[in-house]
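Undergrad: Sequences are here, hints too, so could you generate the full structure?
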Amino acid sequence: MTKKTGMSVNTMLVILGTALAMLSSGPASAQVKTPGPPPVAGARPVTIERITVHSPAIAGNLEGL
17 MTKKTGMSVN
27 TMLVILGTAL
37 AMLSSGPASA
47 QVKTPGPPPV
57 AGARPVTIER
67 ITVHSPAIAG
77 NLEGL
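Under my numbering, the first residue of the sequence shown is numbered 17, with each subsequent residue one higher.
Some clues are possibly wrong.
[What the hints assert, rightly or not] Simulated DEER-style distance windows between Cβ atoms:
no.	residue 1	residue 2	range
1	V62	I31	49 to 55 Å
2	T68	V48	28 to 34 Å
3	K49	V69	55 to 61 Å
4	A37	I64	40 to 46 Å
5	L39	I64	37 to 43 Å
6	T27	V62	51 to 57 Å
7	I64	M38	36 to 42 Å
8	P61	S41	51 to 57 Å
9	G33	E65	25 to 31 Å
10	K49	S71	43 to 49 Å
11	S40	V69	45 to 51 Å
12	T50	P72	27 to 33 Å
These aren't lab readings, by the way, just hints derived from the structure by calculation. We put the CB at the ideal spot given by N, CA and C, even for glycine.
TA: Laid out in structure tokens, this is it:
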């Protein structure tokens, strides 16, 4: 009986393909900031609310940062 040592060729190809796909992919296009719409003449001014967050775990999540 022969004992196999190391990884099979299929396993190596899957690992190599996964690593290549991860390295060749650029940053996600969904993470790009998009510009806001231009201001409309005669529109009411926008009200901005400031929120105080007391937990550092979620401090940046309110503005999408």
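Undergrad: Find the hints from earlier in the document that the structure breaks and name them by number, from lowest to highest.
TA: Hints 3, 8, 9, 10 and 11 not satisfied by this model.
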